[in-house]
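Visitor: Read off the chains here:
There are 2 protein chains.
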Amino acid sequence: MNHGTFPFKLTSQREMAESFGALHRRGTVLILPNAWDVPSARVFEDEGFPAVATSSAAMMVSLGYPDGEVIPRDEYFKSVRRLATVLTVPLSVDAAAGFGRTPGEVSLTVRKLVKAGAIGLNIEDFQPGTNRLLSVDLQVQKIKAAKAAGEGLKVPMFVNARTDALRFGKGDEDARFGQAVQRAVAYRDAGADCVYPMGLVEASRIKEFVGRLSFPVNVMVRKGLPTVSELNRLGVARVSFGPYASYAAMGLLRRISREVQGKGTYEHLVHDAITFEELNRLASPRERPVARPSSR
Amino acid sequence: MNHGTFPFKLTSQREMAESFGALHRRGTVLILPNAWDVPSARVFEDEGFPAVATSSAAMMVSLGYPDGEVIPRDEYFKSVRRLATVLTVPLSVDAAAGFGRTPGEVSLTVRKLVKAGAIGLNIEDFQPGTNRLLSVDLQVQKIKAAKAAGEGLKVPMFVNARTDALRFGKGDEDARFGQAVQRAVAYRDAGADCVYPMGLVEASRIKEFVGRLSFPVNVMVRKGLPTVSELNRLGVARVSFGPYASYAAMGLLRRISREVQGKGTYEHLVHDAITFEELNRLASPRERPVARPSSR
Numbered sequence: 000m001n002h003g004t005f006p007f008k009l010t011s012q013r014e015m016a017e018s019f020g021a022l023h024r025r026g027t028v029l030i031l032p033n034a035w036d037v038p039s040a041r042v043f044e045d046e047g048f049p050a051v052a053t054s055s056a057a058m059m060v061s062l063g064y065p066d067g068e069v070i071p072r073d074e075y076f077k078s079v080r081r082l083a084t085v086l087t088v089p090l091s092v093d094a095a096a097g098f099g100r101t102p103g104e105v106s107l108t109v110r111k112l113v114k115a116g117a118i119g120l121n122i123e124d125f126q127p128g129t130n131r132l133l134s135v136d137l138q139v140q141k142i143k144a145a146k147a148a149g150e151g152l153k154v155p156m157f158v159n160a161r162t163d164a165l166r167f168g169k170g171d172e173d174a175r176f177g178q179a180v181q182r183a184v185a186y187r188d189a190g191a192d193c194v195y196p197m198g199l200v201e202a203s204r205i206k207e208f209v210g211r212l213s214f215p216v217n218v219m220v221r222k223g224l225p226t227v228s229e230l231n232r233l234g235v236a237r238v239s240f241g242p243y244a245s246y247a248a249m250g251l252l253r254r255i256s257r258e259v260q261g262k263g264t265y266e267h268l269v270h271d272a273i274t275f276e277e278l279n280r281l282a283s284p285r286e287r288p289v290a291r292p293s294s295r
Numbered sequence: 000m001n002h003g004t005f006p007f008k009l010t011s012q013r014e015m016a017e018s019f020g021a022l023h024r025r026g027t028v029l030i031l032p033n034a035w036d037v038p039s040a041r042v043f044e045d046e047g048f049p050a051v052a053t054s055s056a057a058m059m060v061s062l063g064y065p066d067g068e069v070i071p072r073d074e075y076f077k078s079v080r081r082l083a084t085v086l087t088v089p090l091s092v093d094a095a096a097g098f099g100r101t102p103g104e105v106s107l108t109v110r111k112l113v114k115a116g117a118i119g120l121n122i123e124d125f126q127p128g129t130n131r132l133l134s135v136d137l138q139v140q141k142i143k144a145a146k147a148a149g150e151g152l153k154v155p156m157f158v159n160a161r162t163d164a165l166r167f168g169k170g171d172e173d174a175r176f177g178q179a180v181q182r183a184v185a186y187r188d189a190g191a192d193c194v195y196p197m198g199l200v201e202a203s204r205i206k207e208f209v210g211r212l213s214f215p216v217n218v219m220v221r222k223g224l225p226t227v228s229e230l231n232r233l234g235v236a237r238v239s240f241g242p243y244a245s246y247a248a249m250g251l252l253r254r255i256s257r258e259v260q261g262k263g264t265y266e267h268l269v270h271d272a273i274t275f276e277e278l279n280r281l282a283s284p285r286e287r288p289v290a291r292p293s294s295r
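Chains A and B are the protein sequences, given in the same order. Just so we're aligned, residue 0 is where the first sequence starts under numbering that gives the first Met the number 0, counting upward by one. Just so we're aligned, residue 0 is where the second sequence starts under numbering that gives the first Met the number 0, counting upward by one.
Derived by calculation from the structure, the hints in this document are not laboratory data. Fair warning: there could be bad hints in the mix.
It does not matter which identical chain is used: a pair holds within one copy or between any two.
Stated by the list, open to error - Listed next, the in silico DSBU-like pairs over lysine-lysine satisfying Cα-Cα at most 35 Å (straight line):
id, residue 1, residue 2
1, Lys-143, Lys-262
2, Lys-169, Lys-143
3, Lys-206, Lys-262
4, Lys-114, Lys-77
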């Protein structure tokens with residue numbers, strides 16, 4: 000069968016959402032890179048990741064807004080659409096606290112995300128700009144609203160329910176761990192597809208969390224996180240970069256600056272850099288090889 | 000004198016344009032980094048560069064458009080404004096061939112750039128999407144129109160006249176070099192503030208070019224370019240990164256991808272990375288220390 004040349008979508012948005020969900024149930028951890036603009040998203044696709052996510056912090060700052068829900072909604076959705084348009088793999092987006100305080104507002108956000116081309120979202124359980132956790136009840140309602148909004152549009156949006164209880168909960172570390180588990184269970188039971196405890200790093204803690212949930216768990220890269228093969232043994236479903244790729248890129252710009260100002264050389268600028276032609280190609284969807292008929 | 004806290008502009012746009020021009024006449028080469036989005040621009044400012052430029056290729060691709068003049072004009076100017084808003088140092092922009100085929104269209108572009116907050120521009124002498132040089136006469140008219148447009152708004156826009164004759168001229172290398180010199184002389188005499196022969200890399204060629212112009216010359220970083228101190232000796236006025244910082248950043252994303260997929264580790268993601276707080280601060284203009292009254 001000849002699929003023709005690009006641009007074309009191999010699968011519908013519904014199929015993309017389903018295949019993204021299946022990536023969390025293979026028994027091996029999904030490595031999910033977080034992009035912030037068109038070329039970062041396309042480099043990750045070219046490198047063979049089966050899906051791409053966004054980092055809201057990286058994306059918003061790249062457009063001149065701090066992390067949170069400060070960015071005008073239209074600009075946020077436009078930015079999501081830009082990435083979805085240029086990718087041929089599924090795109091899951093970081094949607095802060097759902098860009099809304101009520102389940103109805105979250106529902107509207109999810110419908111707009113579907114229309115922008117996303118097939119999944121992260122939704123967090125604290126109000127941007129504060130360190131205060133939302134009530135479990137409200138967050139459960141927001142998660143149910145997000146799931147229902149996708150279903151209403153016949154796209155099974157993958158809802159990754161983030162909890163910041165490990166950071167912003169009450170009491171000592173053990174108490175906050177207990178709150179994170181309790182919240183994750185509530186979000187799972189509300190219909191979320193994956194839970195994402197922010198700040199879960201240590202192997203023993205990860206193992207305990209996964210064991211208590213028996214459900215897909217997402218961890219974020221940071222210093223000290225177990226390697227991918229260890230995460231596999233711990234039963235983690237997804238490891239994502241969070242904003243780290245943008246932190247690393249900005250770190251590189253600092254090294255570039257210091258080298259050229261200090262030594263007057265350009266090694267960091269030219270080392271392992273891509274070319275003009277490669278950069279320019281990143282503005283267009285990936286050209287897929289034309290499928291050849293099988294020889295049977 | 001207390002300058003107050005941000006946001007404030009230390010100098011007017013006119014003063015910024017004048018100080019940017021003066022940076023080309025100090026007798027030492029101006030190192031000008033090219034950014035493409037808010038955080039890349041702000042990192043360069045934080046690192047102490049006295050001015051920031053854009054790379055049109057990097058900026059356009061980051062928004063999903065190939066290099067050239069494909070990007071809708073409004074989106075281009077909006078992107079320039081985003082960077083100018085967040086910087087407190089002068090911003091010079093890469094304006095392709097002036098976003099127009101006629102001097103009148105170039106004049107309109109420059110007026111919009113001034114309103115977006117830029118104080119200088121690069122204008123190239125071939126039509127985007129082709130490898131054909133424009134006639135010298137037409138380019139001279141475009142440069143005159145660009146200068147006049149700035150003056151009409153009382154902002155002495157710094158016009159950096161790029162020539163691609165070394166790449167797209169006729170004949171052998173020597174013939175093309177001659178054409179590049181001839182074009183640069185014509186652009187200088189038309190009122191440009193600096194000339195920018197694309198593809199000038201070798202020390203002996205740079206020396207000859209600078210000698211024949213007796214005028215500010217801009218060279219671009221690439222492999223084999225003499226070091227900054229050598230460029231100083233050669234009399235170069237400006238060395239700019241072109242799109243190299245974005246090439247390098249995309250190269251880093253590739254190394255990140257290959258490491259996490261191959262070895263299952265995250266060293267390139269976390270090495271020398273900036274922090275969340277540092278990234279978030281890049282969305283706002285730099286906080287300048289409040290000037291203290293002198294002790295006299």
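Visitor: The structure should be examined with respect to each hint, and the outcome stated for every one.
Guide: To see whether the hints hold, each was checked on the structure:
For a Cα distance limit of 35 Å, the shortest separation of Lys-143 from Lys-262 qualifies neither inside one copy, at 57 Å, nor across copies, at 38 Å. In this assembly of identical chains, Lys-169 and Lys-143 lie within 35 Å of each other by CA distance solely inside one copy; the values are 25 Å within and 67 Å between copies. Taking the shortest Cα distances, Lys-206 and Lys-262 sit within 35 Å of each other only across copies (21 Å), while inside one copy they are farther apart (47 Å). For the homomeric pair Lys-114 and Lys-77, the shortest alpha-carbon distances inside one copy (10 Å) and between copies (24 Å) are both at most 35 Å.
Against the hints set out earlier in the document, a violation occurs for number 1 only.
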